[in-house]
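Produce the complete structure using the sequences and hints provided.
Here the protein sequences come in this chain order: A and B.
When you line the first sequence up against this note's numbering, it's residues 1 to 382, in that order.
When you line the second sequence up against this note's numbering, it's residues 1 to 382, in that order.
These are calculated hints, taken from the structure and not from any lab test.
Treat each hint with caution, since some may be false.
What the hints assert, rightly or not - Quick look at which bits of chain A chain B covers, simulated, 3 or more residues with Cβ under 8 Å: (1) 1-8; (2) 12-23; (3) 208-219; (4) 241-252.
Here a beta-carbon is modelled for each residue, glycine too, at the ideal position from N, C-alpha and C.
There are 2 protein chains.
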Amino acid sequence: MQNFTFYNPVKMVFGKGSIQQLCTLVPAGQKILMTYGGGSIKQNGVYDQVKQALADRTVIEFGGIQPNPRYETLMKAVEICRREGIGFLLSVGGGSVLDGTKFIAVATYFTDGDPWDIVAKFAPAEKALPIGCVLTLPATGSEMNNASVISRDSTQEKFAYFNPGNFPRFSILDPETTLSLPIRQTRNGIVDAFAHVMEQYMTYPADAALQDRQSEALLLALLDEGPKVVNTPTDAAARANIMWVAAQALNGLIACGVPQDWTTHMIGHELTAFYGLDHAQTLAVVMPAVWQHQKSAKAAKLAQYGGHVLGLPPSEDIAGQAIQKTEEFFRSLGMKTRLSEYGIGAEKFEEIGARFEQRGLKLGEHGAIGRKEVVEILNLCQ
Amino acid sequence: MQNFTFYNPVKMVFGKGSIQQLCTLVPAGQKILMTYGGGSIKQNGVYDQVKQALADRTVIEFGGIQPNPRYETLMKAVEICRREGIGFLLSVGGGSVLDGTKFIAVATYFTDGDPWDIVAKFAPAEKALPIGCVLTLPATGSEMNNASVISRDSTQEKFAYFNPGNFPRFSILDPETTLSLPIRQTRNGIVDAFAHVMEQYMTYPADAALQDRQSEALLLALLDEGPKVVNTPTDAAARANIMWVAAQALNGLIACGVPQDWTTHMIGHELTAFYGLDHAQTLAVVMPAVWQHQKSAKAAKLAQYGGHVLGLPPSEDIAGQAIQKTEEFFRSLGMKTRLSEYGIGAEKFEEIGARFEQRGLKLGEHGAIGRKEVVEILNLCQ
Numbered sequence: 001m002q003n004f005t006f007y008n009p010v011k012m013v014f015g016k017g018s019i020q021q022l023c024t025l026v027p028a029g030q031k032i033l034m035t036y037g038g039g040s041i042k043q044n045g046v047y048d049q050v051k052q053a054l055a056d057r058t059v060i061e062f063g064g065i066q067p068n069p070r071y072e073t074l075m076k077a078v079e080i081c082r083r084e085g086i087g088f089l090l091s092v093g094g095g096s097v098l099d100g101t102k103f104i105a106v107a108t109y110f111t112d113g114d115p116w117d118i119v120a121k122f123a124p125a126e127k128a129l130p131i132g133c134v135l136t137l138p139a140t141g142s143e144m145n146n147a148s149v150i151s152r153d154s155t156q157e158k159f160a161y162f163n164p165g166n167f168p169r170f171s172i173l174d175p176e177t178t179l180s181l182p183i184r185q186t187r188n189g190i191v192d193a194f195a196h197v198m199e200q201y202m203t204y205p206a207d208a209a210l211q212d213r214q215s216e217a218l219l220l221a222l223l224d225e226g227p228k229v230v231n232t233p234t235d236a237a238a239r240a241n242i243m244w245v246a247a248q249a250l251n252g253l254i255a256c257g258v259p260q261d262w263t264t265h266m267i268g269h270e271l272t273a274f275y276g277l278d279h280a281q282t283l284a285v286v287m288p289a290v291w292q293h294q295k296s297a298k299a300a301k302l303a304q305y306g307g308h309v310l311g312l313p314p315s316e317d318i319a320g321q322a323i324q325k326t327e328e329f330f331r332s333l334g335m336k337t338r339l340s341e342y343g344i345g346a347e348k349f350e351e352i353g354a355r356f357e358q359r360g361l362k363l364g365e366h367g368a369i370g371r372k373e374v375v376e377i378l379n380l381c382q
Numbered sequence: 001m002q003n004f005t006f007y008n009p010v011k012m013v014f015g016k017g018s019i020q021q022l023c024t025l026v027p028a029g030q031k032i033l034m035t036y037g038g039g040s041i042k043q044n045g046v047y048d049q050v051k052q053a054l055a056d057r058t059v060i061e062f063g064g065i066q067p068n069p070r071y072e073t074l075m076k077a078v079e080i081c082r083r084e085g086i087g088f089l090l091s092v093g094g095g096s097v098l099d100g101t102k103f104i105a106v107a108t109y110f111t112d113g114d115p116w117d118i119v120a121k122f123a124p125a126e127k128a129l130p131i132g133c134v135l136t137l138p139a140t141g142s143e144m145n146n147a148s149v150i151s152r153d154s155t156q157e158k159f160a161y162f163n164p165g166n167f168p169r170f171s172i173l174d175p176e177t178t179l180s181l182p183i184r185q186t187r188n189g190i191v192d193a194f195a196h197v198m199e200q201y202m203t204y205p206a207d208a209a210l211q212d213r214q215s216e217a218l219l220l221a222l223l224d225e226g227p228k229v230v231n232t233p234t235d236a237a238a239r240a241n242i243m244w245v246a247a248q249a250l251n252g253l254i255a256c257g258v259p260q261d262w263t264t265h266m267i268g269h270e271l272t273a274f275y276g277l278d279h280a281q282t283l284a285v286v287m288p289a290v291w292q293h294q295k296s297a298k299a300a301k302l303a304q305y306g307g308h309v310l311g312l313p314p315s316e317d318i319a320g321q322a323i324q325k326t327e328e329f330f331r332s333l334g335m336k337t338r339l340s341e342y343g344i345g346a347e348k349f350e351e352i353g354a355r356f357e358q359r360g361l362k363l364g365e366h367g368a369i370g371r372k373e374v375v376e377i378l379n380l381c382q
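Structural data, given as structure tokens:
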């Protein structure tokens, strides 16, 4: 096991009816900017619950934060925060709204230079507005970490960054708010959480007995509960389980002391930037291809996953079977797993590979995936 | 799943050589009280490492905190804190030293009334000295929670309490410090962590798919790694795993939204108070007896544990087999599992049962274990 530091101060408030706790969780005496997305919260009753809980507070609204939240949009909110003296940000929506809100929190105080540098160059941003979260879409895990993924239209870029000031003070997870989610978001959320676990697990054995078992716990819960919410969207118990799994999948715990990969996410971000595929759609396509390409480097963990999670008996090609079963799991949820199914050909593969070279990035737990390997992996995605 | 709030702000600093990080973790400008136990830290080099890391700080020492830390001893440290204007408490040792230090932290500011009320009557104690921890014995999980267990000689009482101010600011876990642990403490630590998981898991199914899998992850890691450290005390990788498991076993995570039991601990505390048995010795005796007594109420979870953790095939008496296998696991570590092996007879059983009645306590996840049932369970311990 490698040395590590684990610190996660997010207060998680979970359960039916918990949105009403906003009145005590949001500090009094602060002007609040309430951020949200395309307005689904006005259909499902969440908007009304939030406004009711904060009836005696000063709340300014900022809607329209997109999936893959855009720098250009968020900077408009930053202007409002500066102009209005906002003291607290309340994100109401899914991971994209929350990621965008995290950027607003740090960009508001970043006045020396271009706030895009926080995202693209990890520029230090020590001061941040405090954030609270009402989550309505389990997927990204942003509700229990200090990470954020922001896109920029003008440069077709999409990057993840981390900032110590970006831990939400609290996150309210009421699984009832997820009962009306469309199937596409439901399915995307399951695949996203699954991929988050895998990026921290599917590497090589590192004498981390508990972290491996904890990752496997998350995967087993996703395999059990994922099909339930896809097949019976009104299954409240399964919705609750999926919501808690997604929060736990990227809160730092299973990353303690182990190597990580993130190749699938890095290549997936490019596919979203170039083609506009949903984040999870890219993951379901890229992950099996990365594993196929790295099959011998990941052989031991693929076998462990096959045995502990999929219940496969030991065999010569247990790694291959584990890859196949995973692709089958994605397809059973209704996800496509090939670029060709989205009508995407090989035209941009070289350009995507070149981007990693230009950024000086080598991917994977061994840093062994460069320009050439990225193109090879993309070809396996077809 | 029940509604819940999860909040755990302890910074966990894990790994070889991490004690030297004390110099940045302990806030500057505060007078420090360094607490420890019987002095084993002076043999294993931990004392020297701590003193070196804090060479430029003002450190007052308070040694001699016992296993099952005593109110009477701790109140002497409280006097020092008040007299010397201590600003930070640094606990160096195992869970008993840390539990004692937690009590010192709240008792120092508790000047209206008897600080024992914090323990025995959950008297509110809002102000607390900040605490840091250097852990040398993985067992209690105190390093990652706000709980503490304190004993009082004059009344032969031992109680657990919780206080929001008792989360350590940080806990340093260097598994190298555990390589020289005597076999008795090593074994006790494994059983203690195992029992902590079980008190939060072995109840009834509550639609908590992830929490169950996370509990099973901890149990699987203990079953795999426990025998390694008992048989090969110098196995550094296994020592590290056990240390991380013990911290995770009682940090609130697996308790999220599920029923809890704690009968084994409650009865065990009485056996320690009356007979001076080690805490873990009482757990290994009482737990199988509680399960035997509650076999039908716990049937579903005993079967789940048998299948998921012990790998037992489905059968009519899988619950009975699970109980037997657990007792065998304790014995394989060298733990006794019957009171008669400690030369303890039934003389005090009625008195112990009566204590719960006097306190108005009904134990267990259904509140179904009272005076009569406690005595029945104690008889099963023989």
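Numbered hints the structure breaks, given as an ascending list: none
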